[in-house]
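S.K.: Since each chain comes alone in its own frame, lean on the hints to assemble the complex.
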Amino acid sequence: MTAAPARSRAVTALLVAPAGVFFMFLLIVPLMVVLVFSFGERAPAGGYSPAFTFDNYLNLAARGKAFVNTLTLAPLATLLTAIFAFPMAYFLAVKVDPKWRVTLLVLVMAPFWTSQLLRYYAWIMLLGGKGIPSWLAWVGIEDVRIINTPWAVLIGAVYGFLPLMVPPIYVSLEKLDKRLLEASADLGATPIRTFFQVTLPLALPGVATGSMLVFILLMGDYILPQYLGGGKVFFIGNALVDLFLQSRNWPFGAAVSVTLVAIMFVTIYFYMRFVLGKTDARRAALV
Amino acid sequence: MRLYAILIYIFLYAPIAFIVGGSFNAGKQAMIWQGFSLEWYGKAFSNPLITEALATSLMIALTTAALSAIIGTLAALGLERMSGWMRNAFDALIYIAILVPGIVIGISTLIAFVSFFDMINPYLISAWNIRIEMGAWMVIAAHVLFNIAVVALLVRARLQGMDRSLVEASEDLYATPLGTFRQVVLPLLAPSILAGFLLAFTFSFEDFIIAYFVAGPDVTLPIYVFSSIRRGITPEINAVGTVVLMTSLVLLVLAQVILQRGSRTLKT
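Which chain is which? The protein sequence lines are A and B, in order.
Take the first sequence: its position 227, counted from the start at 1, is 227 in our numbering, and no numbers get skipped.
For our numbering, count along the second sequence from 1 and bump the result up by 287.
Just so you know, the hints here were simulated from the structure itself, not pulled from any lab data.
No experiment lies behind these values; they were computed from the predicted model shown.
Errors might be hidden in some of the hints.
What the hints assert, rightly or not - Quick look at which bits of chain B chain A covers, simulated, 3 or more residues with Cβ under 8 Å: (1) 303-313; (2) 358-364; (3) 493-500.
To be verified - Derived DSBU-like pairs (lysine-lysine); straight-line CA-CA distance at most 35 Å: (4) A:LYS232 with B:LYS315; (5) A:LYS130 with B:LYS330; (6) A:LYS130 with A:LYS232; (7) A:LYS130 with A:LYS178.
Think of the CB as a built atom: it goes at the ideal place given N, C-alpha and C, for glycine as much as any other residue.
In isolation and in its complexed conformation, chain B is listed as follows (with noise of 0.2 Å):
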């Protein structure tokens, strides 16, 4: 038993390992080993494609992950004081979203806005000389989309974990209902809001399908190294993907406490 979970370990981070000695190699060969340098990682961050690539999907994940976390706790608090079929079909939306593959979303959001943007474009040029397009606004909307309906399955979970009596008590004190939300109930939905913040940013981060469709001229460091596995890889990649790795390794298990912790204070 032991064994086998060892074996596990061993099947899951082989890759991985491969990919972080990779980005150490000195020599250029991937299967080749010819001693430890750190030169792949100078030449990455100094790589101007590499560190764009890198900055607008940062501004993509932050911007996704605040606004589906926002988005999403809003429609989880707005789900819970609904009711009958308006319910049902909020909740039915929810699901669909989580369900179409990211490769559906991807295609019809992009002949869907193309289609739109080809119909308006010539007007807003003969008014303003202006044009609008695909890029990285698209894939922020339709990150957004998807992890709205995680934060609000997050969220609403712990909201009906809830402790009850707690808004009660505060109401019975006399507070308003937007301090009862404030001190009361925004507190103890934090933790799932902020494991839904981390998920979406790392979903938003790592997603390069629904990008690839509708980035539009923009490009993100999943879509950068898509083309350049295309093109025969060189360890620059390997050592951006170290860095990425261990920055997600980081998120996943601060997102892991915090709901752990999250958990217990629910609890006393």
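The following block holds chain A by itself, in its conformation from the complex (with noise of 0.2 Å):
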């Protein structure tokens, strides 16, 4: 009796042991490492050296910089990129025959998966001096400076995000049942109306997951605030590469990804609650 449930205990448990090895040795116990180092001290030549201490979280502010700009760039990148995303993903799922949807929508997504650092190296060259201002010039609007300012990181921000923005609002809006806008017109809305209160709150879990996709890999970003912030504008990442391949400060540089990761979990946390738990309310009301 007890030997087949055994049996079939023993099979599930050696389907997930493989997997199970490398979220314990590549997932759990390095980040265990970074929280012990976090309390560290560092190594005279650099490195971790033993302790017990806070200095390196109340340090925290010797980058508080970086904290800063990725803290309002990477949200109000995430803002804008669902703003310009939208209308696309609006076209392409309502507007486009749909023989042609699939295709035009993988042509969206496709630059996301070719080379990051070429596409945004191509970025610098038509966003420095001798590309897009120096067009700007030429029609007389002169002295504009794009390149290693926020502004550039924001253009960054969208170019690079907006295939993974797309896709998610998209399918939420090819689901939306085309009867509910014609109801909408029918009861004597106008089309702003009928986009603001039926179109919009019926797409908000698209625009929720997107933004939530770019978010997190804004907030962990390297090479974008790198390229177009070129130093000037630059991320809790920039801040890491620094901290652990540059000035070998590794307790220090453990106690800030220790605080990006704390960050990040909060901020999912809450956005799972409420954004979430909201748009399944009034997706339940209108059902």
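M.R.: Here's what the structure looks like:
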């Protein structure tokens, strides 16, 4: 009687064991090491020496600028990306001939999967002195500086993450029942009112998924601020590369990492609770 | 609306056109066109630093994709059989692996393993005169971690969408559990496993930040591109970039087609 379930349990254990080993030794243990190191001291030659101190956390303000930049520009860039992505997703899901939808959607997604380094490098050229500013000067708008400003980082973020933001919004809009829009129009709502009271609320789960995805990637980004911020607009990621690979202050870098992950998880938690909770309630109310 | 869409496509593809254009430019200056030439392609593929980096990246990406597809699929199958807190804990690990930023994965892997190697290397050297170091294999390990989670999510979504009656029918017809798996479950899961394989391959081939921390002395293609952009880029990089770009475009379209066809077979 007990042989069968015991054997079945053994099979289950065997199936998840390889993944378990990876999660254990490449995720849990390393993250624990980071946590432990964050309470340590920098060894004289760089690296870690054991200690128990909160100095690294108390010293976080030394990299305050990186936190401020990340925590203002990442949400702002996420919002901008969503604003630019929405009409595109709407166009693909509602206006385009169904025959072409998937092809056109894949064309939006494709750039994300091709060399990020080279694409941002191209933007350095396009936004740099010989690029768009010189074209603007040609039509009479002089002295525009874009590269190495927060604007460049925002343009780069919209460019880089539009391919990730469009698909989830597209999916939620595609499922949208067109009869609801007709009903709204029949009841005398203006197109604008229909948009804000019917289309947008129904598409909100897609917007929420896309925003979460983009926000997570932006929070830990390094290449975008490195290339388009040019060392002037830097993120937490840039501070981390500097702390681990240049100044080799592991304990302080560990404290910055722990803080970054903590901020992310708290944000994601509240986001799930409030935004997703609300859209679910609204969806339930509509059904 | 249509105009907006066209503008978005231009916005998305202008930088790519810029890279591709640069690869055919006879001159070295990025912003000045000096005629059509294929010389940079020849130069790029006879540069041993570039071909070696390309080979390293391909090796890492293929190994990562194969391991992630296998381990991730096994995990999804196992997860379906689990219940209670074990299942919740495993679920949580999958989400943590996806949510923790790549840069933190890179850092934590670096400091944990460098510390560990520093601890055991003296013994290894005195006993067998060998030492272990960071390198391409560490990159594979870190990439596999992330992609197991991705594959597990993809495969599990498909498992849950699968018609249970097919498995029951197979059991009623006296197929062994392994026979049912091979002849019924695996063919149904194949599209999402393959899509996971392609996603893992692309992720691994594209990744810069994790490799930057854990590759040790090994050089992947993104690491080479990064350092050559820092030194001042030559159109050689554009040529390699163009080849890579076209390859990933083809792979991506392939993954999409497979997933599409897969969801159709699931319905019939």
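S.K.: Quick one, are LYS130 (chain A) and LYS330 (chain B) close enough, alpha carbons at most 35 Å?
M.R.: 27 Å, holds
S.K.: Just to be careful, I want the Cα atoms of LYS232 (chain A) and LYS315 (chain B) compared with a cutoff of 35 Å; is the pair within it?
M.R.: 28 Å, holds
S.K.: With a cut-off of 8 Å between beta carbons, are at least three residues of the stretch 493-500 of chain B near chain A?
M.R.: Three-residue rule met by the stretch 493-500 of chain B, so holds; n is 5.
S.K.: Holds or violated: LYS130 (chain A) and LYS178 (chain A), Cα atoms, limit 35 Å.
M.R.: Violated, at roughly 47 Å.
S.K.: For the stretch 358-364 of chain B, does the count of residues with a C-beta closer than 8 Å to a C-beta of chain A reach 3?
M.R.: holds (count 5)
S.K.: Verify the proposed pairing of LYS130 (chain A) with LYS232 (chain A), using a straight-line Cα cut of 35 Å.
M.R.: Satisfied, since the Cα-Cα distance of roughly 20 Å is no more than 35 Å.
S.K.: Are three or more residues of the stretch 303-313 of chain B within 8 Å, CB to CB, of chain A?
M.R.: holds (count 3)
In summary, the structure is inconsistent with hint 7 from the numbered list given earlier, while agreeing with all the others.
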